[in-house]
Each structure stands twice: as C-alpha cells, then as structure tokens.
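Here's the letter readout for the chains.
Number of protein chains: 6
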Amino acid sequence: MAIVTLIDEKSATGDVADVYGEIRAVLGLPFVPNMFKAIAHNPAYLRSSWERVKVVMAPGQIDRKTKEMIAIAVSAVNGCDYCVLAHTAGLKSMGTNDAEIVELMAIVDLFSGFNKLLEGLQIPADLGAQGKR
Amino acid sequence: MAIVTLIDEKSATGDVADVYGEIRAVLGLPFVPNMFKAIAHNPAYLRSSWERVKVVMAPGQIDRKTKEMIAIAVSAVNGCDYCVLAHTAGLKSMGTNDAEIVELMAIVDLFSGFNKLLEGLQIPADLGAQGKR
Amino acid sequence: MAIVTLIDEKSATGDVADVYGEIRAVLGLPFVPNMFKAIAHNPAYLRSSWERVKVVMAPGQIDRKTKEMIAIAVSAVNGCDYCVLAHTAGLKSMGTNDAEIVELMAIVDLFSGFNKLLEGLQIPADLGAQGKR
Amino acid sequence: MAIVTLIDEKSATGDVADVYGEIRAVLGLPFVPNMFKAIAHNPAYLRSSWERVKVVMAPGQIDRKTKEMIAIAVSAVNGCDYCVLAHTAGLKSMGTNDAEIVELMAIVDLFSGFNKLLEGLQIPADLGAQGKR
Amino acid sequence: MAIVTLIDEKSATGDVADVYGEIRAVLGLPFVPNMFKAIAHNPAYLRSSWERVKVVMAPGQIDRKTKEMIAIAVSAVNGCDYCVLAHTAGLKSMGTNDAEIVELMAIVDLFSGFNKLLEGLQIPADLGAQGKR
Amino acid sequence: MAIVTLIDEKSATGDVADVYGEIRAVLGLPFVPNMFKAIAHNPAYLRSSWERVKVVMAPGQIDRKTKEMIAIAVSAVNGCDYCVLAHTAGLKSMGTNDAEIVELMAIVDLFSGFNKLLEGLQIPADLGAQGKR
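Residue numbers (numbering that gives the first Met the number 0), protein chains in the order written: chain A, 0 to 132; chain B, 0 to 132; chain C, 0 to 132; chain D, 0 to 132; chain E, 0 to 132; chain F, 0 to 132.
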C-alpha cells in the first residue's frame with residue numbers, strides 16, 4: 000500500500016486530467032500508472048515529470064527498445080520492483096523473450112559485482128581510459 | 000591507490016599469464032586492465048571471472064554496443080568510476096559521441112529518480128504489469 | 000517474517016525491559032517497535048542504539064519535524080519500507096498531508112536522479128563550491 | 000574529469016543560452032554549474048531538467064532551507080560528492096554552521112544504519128504503522 | 000513472482016541438467032534454488048556462474064562459515080531478501096543462533112551508517128591508513 | 000577536503016577530549032581518526048557513536064578479525080573509501096595478506112552481482128529457506 004492516496008482518473012481535474020489523458024495516449028495504455036496517480040498531489044511536479052519522460056524516452060540516437068532495456072537495468076540495480084515490472088511488460092510487448100531478459104540481467108549481475116569489487120579494492124583507472132575536461 | 004598490489008604482466012606465470020594473454024587478445028587491448036591485475040592474487044577466481052566476462056559480453060540477442068551501454072548505466076548507478084571510464088572508452092571506440100552518452104545518462108537520471116520515489120511512496124504495481132511464476 | 004525471533008514485551012527482563020519502557024515513554028507509543036524487539040537479542044547493542052536515537056533525534060538546531068522528514072528521505076533512498084512507514088506515521092501525527100509527502104519525495108526523486116547522473120558523467124566540482132580541510 | 004566535454008557559457012546558443020541565463024539568475028550564481036554544462040549536449044533534456052528543478056526546489060509547504068538539507072541528505076546516501084558540495088555551499092550561504100551540518104549528517108548515519116539492519120533482519124512493519132491504498 | 004519463468008528440474012536437459020545435479024550435490028540441497036532455475040534460460044551463463052560460486056565459496060584462507068556471514072552482510076546492504084534468507088538458512092544449519100545473527104547485523108548497521116556519514120562529510124583518509132600502488 | 004572543519008586533538012576539551020583519549024587507547028592508535036574529529040562538533044553524538052563502536056566491535060560470538068572483514072565488505076558495498084582503507088589497515092596489522100583480501104572481495108563481487116540479479120528478476124524465496132515471525 001502506498002503511503003499517500005492515489006488520485007484516480009475520475010477524480011482528476013484541470014491540468015492533472017490533461018496529463019492523465021496525454022499519458023494514456025502517448026504510452027498507449029488503457030490506464031494511468033499508479034506512479035503518476037500518486038504524484039498528482041503536486042500538479043506542477045506531475046506535469047514537469049511527464050514532460051521529462053517524453054524527452055528522455057523518445058527515440059533519438061538510442062532506439063526505444065534499447066532505452067527500455069537500460070531503464071530495466073537501472074531499476075534492477077536500484078532495487079525498484081515497480082519499475083522493473085512496468086518496463087518488463089513494455090519490453091515484452093515489443094517481442095522480448097525470457098532468454099533475452101536473462102541476457103540483460105546477466106550484465107546487471109556481472110557489472111554490479113565488478114563495480115563493488117573495484118570500489119572495495121580502490122583500483123586506479125587504467126592509463127588507456129581517461130576522461131576529458 | 001589500490002589496497003592490494005597489482006600483479007603486472009611481467010610477473011605473471013602459469014594460468015595467470017594465460018588469462019592475461021587471452022584478455023589482451025579478446026578485448027583487443029595493448030594492456031591488461033588493472034582490475035584483472037588485482038584479482039590475479041587468486042588465479043582460480045581470475046580465471047572464472049574472465050570466463051564469465053566472455054559469456055556475458057559476447058553478442059547474443061543483445062548486440063555488443065548495447066551491452067556496453069547497459070554496462071555503463073549499471074556502473075553509473077553503482078557509482079563505479081573505474082567501470083564507467085573503461086566502458087565509455089570502449090563505447091567511444093565504436094563511434095559514440097558526447098550527445099549519445101548524455102542521452103544514455105538521461106535514462107540513468109530519470110529512472111534512478113523514479114526508482115527512489117517509488118520505493119519511498121511504496122506504490123503498488125499496476126494491475127496491467129504482472130510477473131509470472 | 001524476520002530472520003530472528005522478536006523478543007516480546009512480556010518476555011523482556013532486566014536492561015531490555017528498562018529500554019523497552021523508556022522507548023514507549025519517550026516515543027509516546029503504546030508498543031515497542033519490532034526493530035527493537037529484534038535487536039534485543041544483544042542487550043548492550045539495544046541499549047547503545049537507543050541512547051543514540053535519543054541524541055540524534057532530539058530537537059537541536061534542526062527541529063523534530065524536519066528530522067523526521069530527513070529520516071524518511073534517507074530511508075526512501077536506502078529502500079527501507081519499515082522506516083518509511085514508521086516515520087511517515089510519525090510525520091502524519093504532526094499534521095502532514097499527502098501533498099507535503101509528495102513534495103518531500105519530489106526532492107528524493109530529483110536528487111537521486113542527478114546524483115547518479117553526476118557519478119556517471121564524473122563531473123568535477125564547480126570552483127565556487129569548495130570544501131575545507 | 001568528466002566523460003563528456005562541458006559546453007561553456009561562451010559557446011552556448013539558442014535555448015541552451017536561454018537556460019544558462021535563467022540558471023544564473025534564479026540560483027543567484029555568477030556561473031552555470033558544470034552539471035548543466037554537461038547535459039547541454041541534449042538541449043531538450045537540459046530544458047526539462049531545469050524546469051523540474053524550479054518546480055521541485057521552489058518553497059511550498061516545505062521551505063527552501065529544509066529542501067536544501069533534504070537534498071544534501073539524499074546526496075550523501077547516494078554518495079554524490081558534487082551534489083553534497085554544491086548544496087552545502089548553498090546551505091552555508093543561508094547561515095548554517097558546522098555543528099548543524101553534523102547534526103544533519105547524524106540523521107543520515109543513524110537511519111542508513113537502521114535501514115540496512117532492517118532490510119537484513121527483514122523485520123515486518125509494526126501494526127501501528129500502516130500505509131493506505 | 001519472477002519476471003521470467005523458472006525452468007524446473009524435470010524440464011532440464013543437457014548441460015542445464017548437469018549443472019542442476021551438481022548444485023544439489025555440492026550444496027547438499029534436496030532442490031535447485033530458484034535463482035539457478037531462472038538463469039537457466041542462458042545455459043552458458045548458468046554454467047559460468049555456478050563455476051564461479053564453487054571457486055569463491057570454497058574454503059581457502061577464509062573458512063566457509065565466515066564466508067556465509069560475509070555473504071549475508073553483503074546481501075543485507077544490497078537489500079536482497081532472497082540471498083539473506085537463503086544464506087541465513089545455510090548459517091543456521093551450521094549452528095548459528097539468533098544472537099549471533101544480530102551481532103552480525105549490528106556490524107552492518109554500524110558501518111552502513113558510518114559509510115554514508117563519511118561520504119556525506121567527505122572526510123579525507125587518515126595519514127596512517129594508506130593504500131599502495 | 001571535508002565539508003566541516005576537523006576539531007584537532009589540541010583544541011579538544013571536556014567530554015570531547017575524554018572520548019579522544021579513550022579512542023586512542025582502545026584502538027591502539029597514535030592519532031584520533033578524522034571521522035571522530037569531524038563529528039566532535041556534536042559532543043553527545045560523538046560520545047554515543049563511540050560507545051556503540053565499542054559494543055559492536057568487541058569480540059563476542061564473532062571474533063575481532065572476522066568483524067573487521069565484515070566491516071570492510073559492508074564498506075566496499077556502500078562505496079566508502081575511508082572505511083575500507085581504515086579497516087584494511089587494521090586487518091593487515093593482524094597479518095592478512097593480499098590474497099586473503101582478494102578472497103574477501105570475491106565474495107563482495109559474487110553476491111553484489113547475484114543480489115542485483117535477484118532483485119531484477121524478482122525471484123521468490125525457495126520454500127526451504129523461510130524466516131520466522
């Protein structure tokens with residue numbers, strides 16, 4: 000159970016109702032995801048969050064399916080069940096199978112392990128891998 | 000500075016030297032990354048880690064460039080400078096530009112934020128996004 | 000279910016019983032929170048943890064309500080449902096409404112996103128924002 | 000060093016220049032923070048991120064100083080040096096002293112410890128601390 | 000519910016069946032843990048992961064019980080219920096009692112708190128505690 | 000550089016000086032670690048933190064060396080360089096070599112990877128691994 004009430008679609012008015020309508024249309028969903036129903040207590044934050052979703056998730060140099068996979072990997076590392084479930088559903092609607100999901104999670108596994116190992120051992124960067132100012 | 004000595008390429012013998020040679024060949028690098036030089040204190044762990052790298056990072060349903068992007072996203076969330084640098088260098092050698100890297104990190108930003116928000120608000124999964132047993 | 004048994008209030012004796020009584024009195028609760036019932040297997044650790052709660056959560060330069068909000072933000076980032084629930088209940092007893100909780104979580108969202116973005120991009124500190132020795 | 004170039008203020012044109020100008024004006028800073036100079040490679044993402052900063056950080060039910068403290072607490076938990084430094088500088092400009100910063104970090108310490116303890120012990124929520132649907 | 004199907008023992012063939020048999024024998028379990036049943040969608044990854052488990056968890060300079068305790072501590076910090084439960088069961092089968100588990104978790108609590116405090120305060124390393132190249 | 004000044008040993012008076020003296024004596028160090036010098040801005044928090052260190056790190060069912068290893072593992076996962084360095088120095092003073100440190104970090108690697116994998120795949124607990132109320 001959420002720690003705040005969810006503002007359902009029937010109760011939404013004004014800009015919240017507008018954003019709800021846009022979410023359903025753009026995401027092609029028959030419902031507004033619970034996340035948006037929770038943050039609708041702050042309509043300006045709901046609006047600015049939704050605008051940012053559109054900007055970040057729109058296909059650019061990176062295509063939409065790859066963006067969904069990255070979103071799932073990030074959510075797995077942060078331990079967010081809600082996001083993993085929501086975006087796995089999205090990925091499956093694009094034709095992903097269980098083997099591809101395991102292939103994705105194997106990268107999460109390998110690098111999460113190495114990341115912590117490297118932080119623990121405090122290994123300096125290789126000379127061949129420099130940043131730039 | 001690392002908390003253990005790094006076993007350099009000249010000092011490596013036996014299976015460690017074999018793995019070092021394979022790493023340079025498979026990754027196409029003129030050097031062995033420091034990470035492997037640190038874990039070489041445990042040759043069996045070095046070997047099994049390297050075998051797993053080959054399995055996980057080989058192109059499968061997911062291509063190599065996408066795997067590198069996922070590796071960078073995971074490493075950013077885990078806060079591992081070493082891995083981000085190493086794999087950004089790899090990505091750049093495949094022709095990635097700064098705008099694409101920012102496009103990638105925007106997904107890390109958006110979802111890391113939402114992940115923590117959702118964990119905080121304890122939002123239940125949408126009915127339309129179910130797992131399976 | 001917890002991975003250790005909880006030592007209930009009827010079974011508590013000696014210093015554990017004393018700490019339990021103090022917890023109920025100081026927190027104004029009709030029960031001892033489960034967390035304390037679990038760590039009571041180690042009475043000295045229970046005692047020193049409770050002493051530290053009193054020191055850290057007592058109003059000082061920062062008032063009690065702000066401390067509760069910070070505690071909830073920290074717990075959201077660390078993904079601890081128990082703490083978020085317990086301290087949201089505390090915050091609500093001080094008159095907080097759902098909109099204020101969303102306003103709080105929006106900060107958790109914004110900065111958790113930026114934090115990971117910045118770690119990923121490895122942005123150097125601005126010259127205008129220096130620490131001191 | 001950042002893994003992407005920073006787009007400096009002299010090179011900025013169009014919407015990037017507009018956002019840069021607004022950032023300096025609204026934050027009252029003589030420079031544009033490096034974070035924004037990095038994400039300016041994606042002008043739409045820069046714009047939507049900045050719009051969201053304004054919405055989330057504007058005083059509402061929670062005042063600006065408390066928002067800065069929450070931002071620092073979140074950034075400490077996520078381990079982001081850049082954000083901690085930037086927002087500590089902001090907090091100090093509002094008159095905060097070292098003792099208040101330590102009082103803030105003590106809450107980060109106490110709850111980060113308890114958060115991990117509770118996740119480890121898998122303690123169920125107290126009956127008195129319920130969420131709502 | 001998992002986001003992928005679990006490949007049960009009756010359905011396993013070839014190398015997956017071989018690994019399953021080895022897991023049951025080496026771990027002394029009457030069943031194959033669900034984790035392995037999920038990653039079996041990628042037999043090479045299953046095999047390389049299992050080989051690495053054997054290398055890492057075999058007694059060396061660190062004995063098996065201590066390794067289980069470290070595994071639980073790591074899993075508590077990462078917030079993984081599955082691993083904490085699985086390895087607590089393993090630890091209990093070696094004669095651990097609730098007080099010892101709380102003693103272990105107290106270290107998780109103390110250091111997770113200090114870790115975040117130190118990251119927040121950005122305290123430089125003591126001169127007496129240096130790494131080496 | 001720390002974001003607060005460090006209160007050095009010459010400037011310490013009253014209870015802070017007492018705790019400083021006790022820290023040097025109990026830890027057998029010729030200096031007070033910087034962490035304590037930073038939190039000394041809040042003497043009651045310094046005192047209660049130090050009391051808790053003594054309780055948690057004293058040998059009990061778990062011996063001191065094992066406690067140091069667990070502390071390092073926790074600090075590696077949380078990404079705290081300060082704590083890893085400080086406690087690795089402690090461990091080395093007990094005779095640990097580089098191979099044992101790598102053996103320890105291999106567990107951090109293995110389980111941090113599996114932890115994130117399992118959170119991502121949302122694998123349910125095995126029936127044979129139950130908690131208790």
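Heads up, some of the hints might be wrong.
So the derived list for chain E, only partly shown, Cβ under 7 Å to chain A, looks like this [claimed, not checked]:
#	residue
1	L26
2	F30
3	N96
When the alpha-carbon atoms are kept at most 16 Å apart in a straight line, the in silico EDC-like pairs for lysine to aspartate or glutamate are as follows [to be verified]:
#	chain 1	residue 1	chain 2	residue 2
4	D	K53	A	E50
5	A	K64	B	D62
6	D	K64	C	D62
7	C	K53	F	E50
8	E	K64	F	D62
9	A	K53	D	E50
10	C	K64	D	D62
11	E	K53	B	D62
Note that these hints are calculated values from the structure, not bench results.
Idealized CB from N, CA, C, for every residue including glycine.
Practice task
Please work out if K53 of chain C and E50 of chain F have their alpha carbons no farther apart than 16 Å.
Solution key: This hinted pair holds, its Cα atoms lying about 14 Å apart.
Practice task
With a cut-off of 16 Å on the C-alpha distance, tell me whether K53 of chain D and E50 of chain A pass.
Solution key: 14 Å, holds
Problem - Pair hint K64 of chain D and D62 of chain C, alpha-carbon separation not exceeding 16 Å - result: Distance ~13 Å between K64 of chain D and D62 of chain C Cα, so the pair holds.
Problem - Distance restraint between K64 of chain E and D62 of chain F, which requires alpha-carbon spacing of 16 Å or less - result: 13 Å, holds
Exercise for the section: Please verify that hint: N96 of chain E, Cβ, nearest Cβ of chain A, below 7 Å or not. Expected result: Result: violated, 29 Å to nearest chain A Cβ.
Handout entry: Interface hint compliance - L26 of chain E to chain A, C-beta minimum distance less than 7 Å
Key = Check failed: Cβ of L26 of chain E comes no nearer than 19 Å to chain A, outside 7 Å.
Practice task
Classify the hint on F30 of chain E as holds or violated, based on whether any CB of chain A lies nearer than 7 Å to its CB.
Solution key: 20 Å, violated
Practice task
Mind checking the alpha carbons of K64 of chain C and D62 of chain D for me, to see if they're no more than 16 Å apart?
Solution key: OK: K64 of chain C and D62 of chain D at ~13 Å, within 16 Å.
Handout entry: Proposed proximity, E50 of chain D with K53 of chain A (alpha carbon, max 16 Å)
Key = Cα-Cα ~14 Å, so holds.
Exercise for the section: Would you check the hint for K64 of chain A and D62 of chain B, treating anything up to 16 Å between C-alpha atoms as holding? Expected result: 13 Å, holds
Handout entry: Agreement of K53 of chain E and D62 of chain B with the hint, judged by alpha carbon distance not exceeding 16 Å
Key = Since the Cα atoms of K53 of chain E and D62 of chain B sit roughly 29 Å apart, the hinted pair is violated (cutoff 16 Å).
Against the hints set out earlier in the document, violations occur for numbers 1, 2, 3, 11.
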